[in-house]
Structures are given as C-alpha cells and as structure tokens.
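K.L.:
Below are the chains, spelled out letter by letter.
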Amino acid sequence: MSLADLGWAILFLPLISFVITVFLTRSRPKLCGYVTIAAIGLAFLASLVVLVRVVAEPVGTAAENQASYNWVNIPGLTESLTLSLGVAIDPLAAFMLVVVTGVSLLVQIYSQGYMAGDPGYSRYYAFMSLFTASMLGLVLANNLIMVYFFWELVGLCSYLLIGFWFQKPAAAAAAKKAFIVTRLGDLGFLVAILWLVFNVDPAGPNGLNIAFLNEKTTLDLIAGAGLTWAALGIFAGAVGKSAQFPLHVWLPDAMEGPTPVSALIHAATMVAAGVYLVARMFPLFEAAPDAMVVVAFVGGFTAIFAASMGLVMHDVKRVMAYSTVSQLGYMMMALGVGGLVAGIFHLFNHAFFKALLFLGSGSMIHGTGTQDMREMGGLRRAMPVTFITVLIASLSLSGIPPFSGFWSKDEILADTLGGHGNVLLFALGLAAAFMTAFYMFRMMFVAFGGSFRGPATAQGGHTSGHTSGHAIHLDQSHSAHAVGAHESPRVMTVPLIVLAILAVLTGFLNVNGWFGGLLEEGYVVHFNYGVMASSVVVALAGIFLAYAVYGAKWISAESLGRAFGPAHKWLTNKYYLDHLYEGVITRGAVIGICAVLSWFDHTFVDGIVNGVARLVMAISGGVRKAETGRVQAYALVIFAGVLVIMGLWMLGLPNSVSGWVAKP
Amino acid sequence: MAIGLDHFLVLSAAMFSIGLVGALSKRNAVVILMCIEIMLNAVNVAMVAFSRYVTPVALTGQVFAIFIMTVAAAEAAVGLALIIAVYRQRQTVDVQQIDLMKW
Chain W
154 MSLADLGWAI
164 LFLPLISFVI
174 TVFLTRSRPK
184 LCGYVTIAAI
194 GLAFLASLVV
204 LVRVVAEPVG
214 TAAENQASYN
224 WVNIPGLTES
234 LTLSLGVAID
244 PLAAFMLVVV
254 TGVSLLVQIY
264 SQGYMAGDPG
274 YSRYYAFMSL
284 FTASMLGLVL
294 ANNLIMVYFF
304 WELVGLCSYL
314 LIGFWFQKPA
324 AAAAAKKAFI
334 VTRLGDLGFL
344 VAILWLVFNV
354 DPAGPNGLNI
364 AFLNEKTTLD
374 LIAGAGLTWA
384 ALGIFAGAVG
394 KSAQFPLHVW
404 LPDAMEGPTP
414 VSALIHAATM
424 VAAGVYLVAR
434 MFPLFEAAPD
444 AMVVVAFVGG
454 FTAIFAASMG
464 LVMHDVKRVM
474 AYSTVSQLGY
484 MMMALGVGGL
494 VAGIFHLFNH
504 AFFKALLFLG
514 SGSMIHGTGT
524 QDMREMGGLR
534 RAMPVTFITV
544 LIASLSLSGI
554 PPFSGFWSKD
564 EILADTLGGH
574 GNVLLFALGL
584 AAAFMTAFYM
594 FRMMFVAFGG
604 SFRGPATAQG
614 GHTSGHTSGH
624 AIHLDQSHSA
634 HAVGAHESPR
644 VMTVPLIVLA
654 ILAVLTGFLN
664 VNGWFGGLLE
674 EGYVVHFNYG
684 VMASSVVVAL
694 AGIFLAYAVY
704 GAKWISAESL
714 GRAFGPAHKW
724 LTNKYYLDHL
734 YEGVITRGAV
744 IGICAVLSWF
754 DHTFVDGIVN
764 GVARLVMAIS
774 GGVRKAETGR
784 VQAYALVIFA
794 GVLVIMGLWM
804 LGLPNSVSGW
814 VAKP
Chain S
30 MAIGLDHFLV
40 LSAAMFSIGL
50 VGALSKRNAV
60 VILMCIEIML
70 NAVNVAMVAF
80 SRYVTPVALT
90 GQVFAIFIMT
100 VAAAEAAVGL
110 ALIIAVYRQR
120 QTVDVQQIDL
130 MKW
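As they're listed, the protein sequences go chains W and S.
Take 154 as the starting number for the first sequence in our numbering and just add one per residue.
Take 30 as the starting number for the second sequence in our numbering and just add one per residue.
Chain S on its own, in the form it takes in the complex (with noise of 0.2 Å):
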C-alpha cells in the first residue's frame, strides 16, 4: 500500500488534537507553548502534503510551511520570555495562577 495524502492527513490530524488536548490541558506554560508547536507542525504537514499531492508545481504551501515555521521561532522565543518574566514575578508559571486579569 501506497503512502498517500490520506495518511498525511491522519497525521496531520492526529498531530493537531495532541496539541490541542495538550494546550487546553496542561498547567506548566512552557508545555503548553510546546503544545501550540505542535500544532503549528500538524498544520504544516497538511500544507506540505496537500503541496506535494494536489498541486505539486506550485510550491505555495512548501512556502507557507517555512513561514510558519519563522514565525513559530519568534512566537517561541516571545513565549518564553514572557514565561521567564511572569516566573520572576511570581515564581510560578501555572497558568491557574496566572489569572490577574479577570472581571
């Protein structure tokens, strides 16, 4: 049996509801940022394979994979900024904890 788009997509899916369970789920915030790259990675190998198998002479979604991935970089490093300094604050980085901003 030939590996087809079929497959990616079971992946692709598999991969995003991991990360979603995980990002709705888990209290430490450096494991829901990891979380939320996985499912930036599930959506970029649904472009990839949709690039490869429906349009494999247009190259948009291999282009669209690598600037998620840029743009992923940046919001990890962001993120995890913002987790250093919300821990030299507060000493935690449970987002139950982290809830100033209600009402």
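So here's chain W without its partners, still in its complex pose (with noise of 0.2 Å):
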C-alpha cells in the first residue's frame, strides 16, 4: 500500500466505526464502545506503519505522497475552480497521526471507566468517533478547503461533546460559546482562503493544494501585502481553534464537557490543530514576515496572560485548560520567531503531558466526585497511581529535566533569543514558565497533600462563586464515592500509566536532532545552557513557593490574596474580559446591532412585503367588480373583444394583433 492509500484508510476507520455506532450498534452501548476502540486501535497501528516508513526510508515530501480525487468543479466566467479532496503524507503529518490515534485510543480506552453508565453512552462513543475521523482529515488533507472542512467538523464535534451533559445549562451554554467564538476565527480563515483563491492561479490542477501554495514560486507570486493579510487570515483561525487571545474564553468553559472530553479535544489533538495549520502553512508565514511578528506576540501575550489566570482557579479542570491556552500560546511565540521544530515538539510533547493530566484530573473527579481542589486533598496515599502519573505530568509541565516538556520548552525559549527572537519574548516565556510551575504545584499540594477534605468540610469555601456557578459533573455513579476518596479502576489507571512513560521519554526524541531532522532539512539541535539552567531555576522557584504557601503552609494564602488584593480580584474574574466580551459585545454592540436590523427588518422588509401584497388587493379589489355575474354582459365584452380583432384584421394593423388571425 501507498502511504496515501494508508492514510485513506487511516481517515476512513474512524469514519466507518462512527456510522457502525450511530445507525448500527446504537442500542448496545458496550458495543459502540467496543467498536470505537477497535477502529481507532487499527488506525493507531496504520499510523505506526506510516511513520516507520516516512521515518525508515526517504519517502519524499508531502507534493509526492499525496492522492487526490476531483470533487467539485466550479464553472467560472473564464476558467474553472476543481476542489479536490486528497490526503498527503509528510513527517508533520506521520507525526501527528501517531499523536491522534494514539491519544484517542488510550481516551477511548480510559472512558469505558470514566463513562461507565452514563446513559449517553452510545452517543459519547459515536461522537468521539467523527471526532477522531474529523482531526485526522484535518491532518492528512492536502488542500486547503478540505482543511477547513474537517477544521469545521472538528468544531462540531466540540460543540457535539462539549455540551454532552445538555441537560446541565452551564454546559449547553458553553457549547454554545465554544461554537460562536471559534466561528469568529474561522471567518478569517475563510477569507484568506477566498483571498488566495483568487489569487494564485484557481484554474490550475493544484488549486489550494498547501504543497503548492507552499512553493517558493507561488509565494513569490503573491507577495506583498496580500499576503500578509492572508497569513493573518488563517492566524485568525488559528486564534480561535487555538484558544489564543483575545478569543480564548471559550476553551475554560469548554470543561464543562466529560473530562475524557478535554483530554482528547481540549488538550491534545483539536486545540493544537490552530497550532498545526500554522506549521503547514509556515513556509507561507515565513514569506510574510509582519505576520510572524504577530503569531509570536500574540502566542507570548497568551502564554503569560492564560498562566497568570491559572493562579487562582479552584476547579482543578480550569486550572489545566489555562495552562493548555498558555502551552498553546507557548507553540505559537515558537512558531512566530521561526522555530517549526520547538513549535511542534513542544505540541507533541504537551499532547501527551497534558492528555496524562486531564486524564489524571478525571481520575480524581472520578475518585472524589468533586471538581474543586479545595474539597480533595490526601489523595497521594488513597488514589497513588493518580498521584504518581499526575506528577510525572506536572513536573513535564513544569519543565523539569529529564521529563519531555523540559526538552521542548527550552527549546523554544533558546529559539526566542534566536535569530527571529525577541528578549521580549523570552522574558515572557520565562515568566509563564515561572506561573506554570506555581499553579501546577499549588495543585499537586493542595489536592494530593494534607489529609482529604470531603465535599462537605469545603462548603464555606464557595464564597467568590465562578466554581460553584458552573455546577460540576455530579451524576449517581459519581456522588456516590464522595464518601472517601479511592482509587480509579485498573481500565482508567493503564491508559495514565502508558501516557506517563509517554510523558517521560518522548523528550529525548530531539536530543540529537532527529525529530527536528525528519521536520526541516538542515535542522541541528543546539542547545543553550544558560537558557536551560533559567528555566530550571524558575521552576523550581515556582514550585518552591507553591510548596511554600500550599505544602507547608509559611505563607497564608489567604494573606497573599490579600496582600496582592486587586491583582487576585482581577485574576479570579479572569480580568473581567467574560464580562467585557458579555456585557459590552453581546449586550452592547450586537443587541444594539440587533435592534437596529430589527427596525430595518420590521419598517423596510416586512413594509416591502406587505406593501406589495396590499397593492395586490387594493388592485383586485377594484377590478373583481368586473366579474358581475351577469352572463350577458360577460357575452357583450366577448362581442366587443370579436369587433376589435375584426375592425384590427381589416385594418391590417398591428401587424402583431393581426399576424394572431391568419389573413385569407
């Protein structure tokens, strides 16, 4: 088999367990779970294959490994459009199916746990499956408008598992959100494809293929303004997908989804597909230099913004999806100062770190049956699998060597001292470093130190609310266990425990450049001791002073929020940006937008439509009285009508009346 015709199939098994489970299975729930597993393991094990060869032997670029097939074709006034649908194999590519598949499996995997009774059952597997089908067409397309769209199913299926429990209002809304502001970056990922429809050569056998677009002829066609215009047009997607700021208020709400949810999508695969668009298309973003200007700010802005919110957070879920925004924005400071390589294996580092640490937090939900790390506590010594894997996670996070995220953070701090770099940006980077290290042992000591707490002793607690307003995930199975906390069984605590190896050794893959190798041609992995030996100091100082406040408990915390008394305000509201984007976007700008249309609508519309049908009856009204019911007067108009035509045909005029009668 070709590697293209693999990853067709590659992109077909999920597709096909999706249809087995909606229309086939969908009364048997183990089944469909059963199912799932099945097609996405033979995915995984496709994706293996592809990345041994793309690895193994020199397989080409992503121009020779492609298959693609005529879809629409869009007749034009001078020339004709061909969208295609077609899949392409590239190391990127090979890379990022083995992060899909394999990640989706152990999720599967670990849900036939988490998930175990839900009475949605069924729907979560069907779901997960088009999730998984849909991000690996996003993976191997090979043009852009099938990027967009599995770009867009792929938000569907956010939304579809976002909103899961729909019965709970706070998820329906988030689903809602989630949907609405990513569409919001889309819209300018869709005009910049517009844009480069019409300008690089539509009629052309290669259309919006990314191998084309990619070439250095084709980017020397359109450069310019344009161009830059159309990088930041798909940055803009990426921004939304992504979580990046301004648009990164959805994903934190997004956690009101199953956690497997988050792992999966919110974490590793979806979210980093802004992240992976970028680098598909970073030939294109390097012919743009101003927009890699704002790719690396605005990656950096959200790194240290997103840390700095999760400082404060309870819900031990919110606290990771702002340290996933912040990770994202981390990828994508990389990308914008040039480094593809740090980019990248931070993203398939972070994929498995962080799946490990939802996956982790889902377990404690699972094992407590409370999202709130307040009300957890001692879980090192009832839940030690948890606690050992969430460790491991956490201290990748942290970036502590010899643990992955060690490897890839530094490389892209190292990169934003280099060539593209900014010291900026490494300030900035270094400081969410800092935070990251903070938050993430504030909660290592606070859920898994100390002695547990139970849900009823941290009542008093809900005092500032944005934990208790988002009422957790608290079905029978659950609330149950509240009694004492304990241990996950084995289905959930396997698919940690492999992620943890995971977590551990995937660093060491670009110790010697051969990650970087398979990605850039000529890469050569540098190392910057200085740049590492920062980091390492910053944290362990973050985690230090976690140890401080939360482990021994020096400093109050209490006292600390009150010593930096607004700040922590700000923080907790998540500097009112919700309330901004709530009470002056939406209440604001679109229902004042909103009532004006709506005027328009009511006044001009519905007045041309009624107006229209009111002359209608007024004209009717009038002429009916022409239908009196007299035969005879009926019988005197056709009399009439017989003279006209006759007086006419004698006349011989108009000729048009008299051509109807046939002259003798």
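Among these hints, one or two may not hold up.
Stated by the list, open to error - So the derived list for chain S, only partly shown, Cβ under 10 Å to chain W, looks like this:
#, residue
1, A52
2, L53
3, K55
4, I61
5, V124
6, D128
7, L129
8, K131
No lab work stands behind these hints, which were simulated from the structure alone.
In this text, a Cβ means the ideal position worked out from N, Cα and C, and glycines have one as well.
The two chains are supplied separately, each in an independent frame; assemble them into the complex guided by the hints.
P.N.:
Below, the structure written as structure tokens:
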C-alpha cells in the first residue's frame, strides 16, 4: 500500500465506526465502545506503519505523497475552479497522526471506566469516532478547502461533546460559546482561503493544494501586503481554534464536557489544530514576516496571560484549561520566531502530558466526586497511581528535566533569543514558566497533600461563586463515592501509566536532533545551557513558592491574596474579559445592532412585503367588480372583443395583432 | 335578378344580428336560448350558401350545417333543463336576477 492509501485507510476507519455506532449498534452501548476502540486501534497501528515508513526510508515531500480526487467543479466566467479531496503525508502529518490516534485510543479505553453507566454512552462513542475521523482528516488534508471542511467538523464535534450533558444549562451555554467564539476566527480563515483562491492560479490543477501554496515560486507570485493579510487570516482561524488571546475565553468554559473529552479535544488534539495549521502553512508565514511577528507576540502574550489566570482557579480542570491555553501560546510563540521544530516538538510532548493531566484529573474527579481542589486533599495515599502519573505530568509541564516538557520548552525559550526572537518574548516565556510551575504544584499540594477534606468540609469556601456557578458533573455513580476518595479502576489507570511513560520518554526524541531533522531539512539541535539553567531555576522557584504557600504553609494563601488584593480580584474574574464580551459586545454591540436590524426588518423589509400584498389586494378589490355574474355582460364583452379583433384585421394594424388572425 | 350568394349572406347577417341583439338584451332565459338558436341558424344559412355557390362539388358546408343542428338540439335540451332547474330553485327565469356567481 502506498502511503497515501494508508492515509485514506486511517481517515476512514473511525468514520466507519461512527456510522456503525450511530446506525447499527446504538442500542448496545458496550458494543459501541468496542467498535470505536477497535477502529481507532487499527488506525493507530496504520499510523505507526506510516510513521515507521516515513522515518525509515526517504519517502519524499508531501507533494509526492498525495492522492487527490476531484470533488466539485465550479464553472467560472473564464475558467473553472476544481476542488479536490486528497491526503498528503509528510513527517509532520505522520507525527500528528500518531499523536491523534494514540491519544484518542488511550482516551477511548479510559472512557470505558469514566463514562460507565452514562445514559449517553453510545452517543459519546459515536461523537468520539466522528471527532477522531475529522481530526485525522484535518491532519491528512492536502488542500485548504478540505482543511477548512474538517476544521469545521472538529468544531462541530467539540460543540456536541462540550454539550454532551446538555441537560446542564452551563454545559449547553459553554458549547454554544465555544462554537460561536471559534467561528469568529474561522471567518478570518475563510477570507484568507478566498483571497488565495482569487490570487493563486485557481484554474491550475493544484488549486488550493498546500504543498503547491508553500512552494517558493507560488509565494513569490503573491508576495506583498495581501499575503500578509492572508497569513493573518489563517492565523485568525488558528487563534480561535487554539484559544489564543483574545478568543481564549471559550476553552476554560469547555471544561463542562466530560473529562476524557477535555483530554482529547481540548488539550491534546483539536486545540493544537491551530498550531498545526500554522506549521502546515509555515513557508507561507515565513514569506510574510509581519504576520510572523503578530503570531509570536500573540503567542507570547497568551502564554503569560493565561498562566496568570491559572494561578487562582480552584477547579482542577480550569487550572489545566488555562495551562493548555498558556502552552498553546508557547507553541505559537515558537512558530512566530521561526522555531518550527520547537513548536511542533512542544505540541507533540504537550499532547501526551496534558492528556495525562486531564485523564489524571478525571481520575481525581471520579474518585472524589468533586472538581474543586479545596475539597480534595490527601489523595496521594488514596490514589497512588493517579498521584504518581499526575506528578510526572506536572513535572513535565513545569519543565523539570529529564521530563519531556523540559526539552521542548527550553528549545522554545532558546528560539526566542534566536534570529527572529526578541528578549521581551523570552521574558514572557520565562515568567509564564514560573507561573506554570506554581499553579501546577499548587494543585499538587492542595489536592494530593494534607488529608482528605471531602465535599462537605469545603462548603464554606464557596464564596467566590465562580466554581459553584459551574455546577460540576455529579451524577449518581460519581457522587456515591464522595464519602471517601478511592483509586480508579484499572481501565482508567492503565492509560495513565502509558501516558506517563510517554511523558517521560518523548522528550529524548530530539536530544540528538532526530525529531527536528525529520521536520526541517538541515536542522541542527543546539543547547543553550544558560536558557536551560534559568528555566529550571525559575520552575524550581515556582514549585518552591507553591510548597511554601500550600505545602508547608509558611505563608498563608489568604494573606497572599490580600496582599495582592486588586490583582487577585482581576485574576479570579479572568481580567473581566468575560464581562467585557458579555456586557459590552454581546449586550451592547450585538443587541444594539440587532435592534437596528430588527427595526429595519420590520419597517423596510416587512413594509415592502406587506406593501406589495396590500397593493395587489387594492387592485384586485377594484378589478373584481367587473365580475358581475350577469351572463349578458360577459357576452357583450366577448362581442366587443370580436369587433375589435375584426376591426384590426380589416385595418391590417398592427402587424403583431393581425398576425394572430390568419389572413385569407 | 337572380338570387346569388350575396342575398344569402345578407339574410344570414340579418339573422345573426337579430339573434345577437336578442341574446344581449332580453331578460327571459328562454328567449335568450331562442335567440342563440337564431344565431346558429344564421351560421347554417351562410354555410349552406357558401357550399352551394363556392364549392358545389364538396359538401363540407352542408355536412357542417347538419352537425350544427345536432349540437343545437342538444344545447337546447341542456339549456332548457338548466332553466327549469333554476326556475324550481328561484321561481324566476330573469337572467338579471341569476347573478350569484359574481366577485
């Protein structure tokens, strides 16, 4: 089988399982789970084969490993545009395939335990299959239209899965929010695609082919301000999907979905799609240096901005959501300063350790029946496996050697000091690294340290309102266990262990530049020992501070909060951005515009429609009086008509009328 | 003066006009029916005259006259039946009063 054929197989396996789970096995939930796991397992094996082949032999570029089929032909005035469906395989796609199928497989296995007994079990697996298929399509797509197509499909799956427990109003609202906020970014992406359609030889056989767009000759042709705007448009799509500032607001709310969903979609794969897209179009971005600067600064700012909000959250999933936003910012920053390898390497490592963190937090929630870390405590004894694996992930995320996060994060920081870098970006990255270490170990000390507090003891702590406002998923099976924390079943802990092993090991892939060499020709790994030392010191400082406040309690968290009162208030309210969006943009601008549009609609649009109807009624009201019901009046009109026609016929005028009546 | 085609046509036109005026102005439905019969017969006269003077060999016009008579008989039967039905309903045959199907 050629690589492209394998690509099609990988794409269709989860799609087939989606069809099967929806139409055939829906009434048998267990079977749905097994079908999904089998399909994704096969896709994972195929992805491994693809990766091994890409790594083992020189397989050529993406341009040579693609298979396209014409999909739609749009005729134009002078030339027609053909849209095709096709897959392309290169090392970048091969690594993403393994990440997506691998994490998806582990999450599906884990879900067998986490979702056990849920009434929507079949629906859950159907959506997860569809999501995996869409994500694989997004990774494999060889042209921008197909990317866009699957881009929206993953957005749809995200919507369906965030709102999985749609009977909870918070979940339904979060699903809507995620869908609408990401759509704002997608608008930019669509505009960029359209610009490219009109500016890059649309009639050519390549159309919107990514490999073709990334060629130097194509880029030289369209270079200029337009290209910069196109790059920014694509980046706007990435900002929405990867939850970058200012469109990051949906991701923390997306935590209303089931925890495995958060692990797969909102940590490891879908939110990384934005980073992947920028990496896919990297030559295009490099041809637009101004756009690169925007990418770098949006990423750097998001990294520190999200990390600062993570400092004060009490909901473990929200801490991790902000952490995800922050880490995605890191990746964007890396890409913005030209560090393609660093960014993708971080994406790769992050996928595993962040999925692990989410699955670990799912295990904590499963074991304690609460999402508030203040209601946990002492879990290191009650849940040893979860404790060890989450500890590994936290160390990795904090950038402590030799865990994977250390290697990629240091590479990003080193790149910010490189050619396209900026000391300011380095400072942002370092500050974010400090905060990351602090909030992760805050969670570790509060949730795993001390002794179990249980949901009842923490009731008084619900003063800030933002956690209680988002009522957590406390269904029967979960709350029943709230009496005492317990370890999760093996079906949940085994994926944790596998991911923990990966979180330790994947960092070593690029020690000798192996990973980077596959992605970028002529890549040489270089260690900046100064950066390494500073980032480790900063991370250790963050951990130490967390220990001082939450472990040893030398400094009380309350007094710290009081000392930074206004800042603390800003952070717990998420910089009031939700208030801004909700109050000013939604209430003010949108409803204001709606009022104007509504008035216009009622006055003009309805006026025209009703006016036409009234006019017709008025005319017909007059004309219908001609229908008197008297046969003799009708006969008279007929006679008059005959006279008129005969008169015209005799006069021979006009021709068009007399033409009807054949002349002798 | 021999009687020619013109005489028949004038007779036909006169009959048609009489019938038309009657059909348009009379109020009694039965009289209107009779006027229509006059108009049909005016056509018959013209048909036969044309047949006789223009195409004496072909009998098309004469055959059509027979057809018209047949149809006229049927029409008279249906028309009278309708008039009787209307009369039973409304005790009148005045077409000015029978104007329910308006507007």
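K.L.:
Failing hints, ascending?
P.N.:
No numbers; nothing is violated.
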